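**Q** Sequence:
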Amino acid sequence: MTVFRLSKWAIKRIDKIRRNFLWKGSEEARGGHCLVNWSRVQRPKQFGGLGVLDLANFNRALYLRWQWLQWKDSTKPWSDLTIQHTPPELELFRTCTTIVLGDGRRVSFWHDRWLQGKSPKEIAPNIYRLAWRKNERVATTLANGHWKRGLRRMNTTEQINEYVELWGLIRDVRLGTQPDDIQWNISPNGIYSSASAYLAQFTGTFADHDWQRL
Numbered sequence: 000m001t002v003f004r005l006s007k008w009a010i011k012r013i014d015k016i017r018r019n020f021l022w023k024g025s026e027e028a029r030g031g032h033c034l035v036n037w038s039r040v041q042r043p044k045q046f047g048g049l050g051v052l053d054l055a056n057f058n059r060a061l062y063l064r065w066q067w068l069q070w071k072d073s074t075k076p077w078s079d080l081t082i083q084h085t086p087p088e089l090e091l092f093r094t095c096t097t098i099v100l101g102d103g104r105r106v107s108f109w110h111d112r113w114l115q116g117k118s119p120k121e122i123a124p125n126i127y128r129l130a131w132r133k134n135e136r137v138a139t140t141l142a143n144g145h146w147k148r149g150l151r152r153m154n155t156t157e158q159i160n161e162y163v164e165l166w167g168l169i170r171d172v173r174l175g176t177q178p179d180d181i182q183w184n185i186s187p188n189g190i191y192s193s194a195s196a197y198l199a200q201f202t203g204t205f206a207d208h209d210w211q212r213l
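In terms of numbering that gives the first Met the number 0, the sequence shown opens at residue 0 and continues consecutively.
Hints listed in this document are in silico derivations from the structure and should not be mistaken for laboratory results.
Only a predicted model underlies this, so the values are computations on that prediction, with no experimental measurement involved.
Don't be surprised by glycine CBs; every beta carbon is placed ideally from N, CA and C.
Keep in mind that the hints are not guaranteed to be accurate.
To be verified - Between beta-carbon pairs, the in silico distance windows are:
{"hint": "1", "residue 1": "Ile-185", "residue 2": "Met-153", "range": "49 to 57 Å"}
{"hint": "2", "residue 1": "Thr-176", "residue 2": "Lys-44", "range": "46 to 54 Å"}
{"hint": "3", "residue 1": "Gln-182", "residue 2": "Thr-74", "range": "27 to 35 Å"}
{"hint": "4", "residue 1": "Lys-117", "residue 2": "Gly-50", "range": "30 to 38 Å"}
{"hint": "5", "residue 1": "Val-163", "residue 2": "Thr-202", "range": "41 to 49 Å"}
{"hint": "6", "residue 1": "His-84", "residue 2": "Lys-44", "range": "40 to 48 Å"}
{"hint": "7", "residue 1": "Glu-121", "residue 2": "Gln-83", "range": "19 to 27 Å"}
{"hint": "8", "residue 1": "His-145", "residue 2": "Lys-71", "range": "23 to 31 Å"}
{"hint": "9", "residue 1": "Asn-134", "residue 2": "Pro-187", "range": "27 to 35 Å"}
{"hint": "10", "residue 1": "Ala-9", "residue 2": "Glu-121", "range": "15 to 23 Å"}
Stated by the list, open to error - Using 20 Å as the maximum straight-line C-alpha spacing, the simulated PhoX-like pairs for lysine-lysine come out as follows:
{"hint": "11", "residue 1": "Lys-133", "residue 2": "Lys-147"}
{"hint": "12", "residue 1": "Lys-117", "residue 2": "Lys-147"}
{"hint": "13", "residue 1": "Lys-71", "residue 2": "Lys-44"}
{"hint": "14", "residue 1": "Lys-117", "residue 2": "Lys-133"}
{"hint": "15", "residue 1": "Lys-133", "residue 2": "Lys-120"}
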């Protein structure tokens, strides 16, 4: 599952087997045997579930390792493999990471969290919508104020305020000579782990069920 995504069909079939075994101990179980919604059962115990592995989230956590390895081990032969990630996967990765800005050649100007722990997209969402070059790197975009020329016309006070805030943060940025680096925010050592990536996908759920009553 680190290299390939499980299809929705495969996950559905595997979950059916696991669900039936959990509630009935056999290959078939009727709806009345299922005491708790399956999505709740799959939550980790600290988030109010039974800790049964959520295959889709686990597959996603393993698959994200490629993003981390492409940052950390870019000299390895497999680093040139084309691994496609969906927008939600990339958003999860960026939410869990912080960029240590170096020469700016690898960092996405708008999407990566390189500006005081946030991305320009987060700091100025209305300005992001005006940008017509959304996939530029920091090194390219900062050159000679390039990022300002890549914006459509501002028409609202909110847009102007966000522009001023973003400009104030960017004007003090100085690129270095070392390659950019990355840190994993949700591990104590700052290094990616599939376990932490898995748990991050349940943030916002609540431990609100008394399992002892089942």
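**Q** Does each hint hold? Answer for all of them.
**A** Taking the hints in turn, this is what the structure says about them:
no., hint, result
1, Ile-185 x Met-153: 49 to 57 Å, "violated (36 Å)"
2, Thr-176 x Lys-44: 46 to 54 Å, "holds (47 Å)"
3, Gln-182 x Thr-74: 27 to 35 Å, "violated (20 Å)"
4, Lys-117 x Gly-50: 30 to 38 Å, "holds (33 Å)"
5, Val-163 x Thr-202: 41 to 49 Å, "violated (32 Å)"
6, His-84 x Lys-44: 40 to 48 Å, "violated (29 Å)"
7, Glu-121 x Gln-83: 19 to 27 Å, "holds (24 Å)"
8, His-145 x Lys-71: 23 to 31 Å, "holds (28 Å)"
9, Asn-134 x Pro-187: 27 to 35 Å, "holds (33 Å)"
10, Ala-9 x Glu-121: 15 to 23 Å, "violated (35 Å)"
11, Lys-133 x Lys-147, "holds (12 Å)"
12, Lys-117 x Lys-147, "holds (19 Å)"
13, Lys-71 x Lys-44, "violated (32 Å)"
14, Lys-117 x Lys-133, "holds (16 Å)"
15, Lys-133 x Lys-120, "holds (10 Å)"
The structure does not agree with the numbered hints 1, 3, 5, 6, 10, 13 stated previously, though it agrees with the rest.
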